[in-house]
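Could you build the full structure based on these sequences and the hints that come with them?
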Amino acid sequence: MAAKFLGEPSKVVTGSYDRTLKIWDLRSKACIETKFAGSSCNDLVTSDGAGSTIISGHFDQRIRFWDTRAESSSNDILLEGKVTSLDLSRDANYLLSCVRDDTLKLIDLRMKKIIGSFSADGFKVGFDWTRATFSPDGQYIAVGSSDGSVFIWSVVTNMIETVLKNHS
1 MAAKFLGEPS KVVTGSYDRT LKIWDLRSKA CIETKFAGSS CNDLVTSDGA GSTIISGHFD
61 QRIRFWDTRA ESSSNDILLE GKVTSLDLSR DANYLLSCVR DDTLKLIDLR MKKIIGSFSA
121 DGFKVGFDWT RATFSPDGQY IAVGSSDGSV FIWSVVTNMI ETVLKNHS
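At position 162 of the sequence shown (counting the first as 1) the number is 162 in the UniProt record's numbering, and the numbers step up by one without a gap.
Using C-beta positions, here's what the derived DEER-type ranges look like:
1) S74 - G122: 30 to 40 Å
2) D108 - S28: 30 to 40 Å
3) K112 - A3: 15 to 25 Å
4) G38 - T162: 37 to 47 Å
5) T162 - R69: 38 to 48 Å
6) K165 - S135: 16 to 26 Å
7) S146 - S117: 14 to 24 Å
8) G122 - S72: 37 to 47 Å
Think of the hints as simulated: they come from the structure by calculation, not from any bench. The model shown is predicted, which means the values in this text are computed figures rather than measured ones. Cβ coordinates follow ideal geometry from the N, Cα and C atoms, glycine included.
Shown next, in the form of structure tokens:
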């Protein structure tokens, strides 16, 4: 299950294995909207300060884009494996997805297109809960591998910067 605040402190959006996204009002402690996603949601992000855009990653290998004012998703991107995590760049222009095909995908949200793919010898997304993240300056990405290593790539060059070993 994933949860994020949605534009204001009194609203939260959740995604779950029941194939729905739910928007909750924390003041009334009630679900105020349910969106049917068609697949288990593993992670989500909100991509604007107003709380009108939700991006969700699913087990059916899709990233879905939602306008909170619409009932269904407005667009999706098909990947080659289950989506295990999503991370939004600080400027909200780029989305990083971790995928069970042992890749990370970099998506330009202005075009809704994949602009980069990251993989390496020895890197394996071993779990449905593997998380990838941008560095604070957006220049690097980091993710843990199933063998306990942490892989760091440069976003600019798409090259491995370092592999940190011996984490168990």
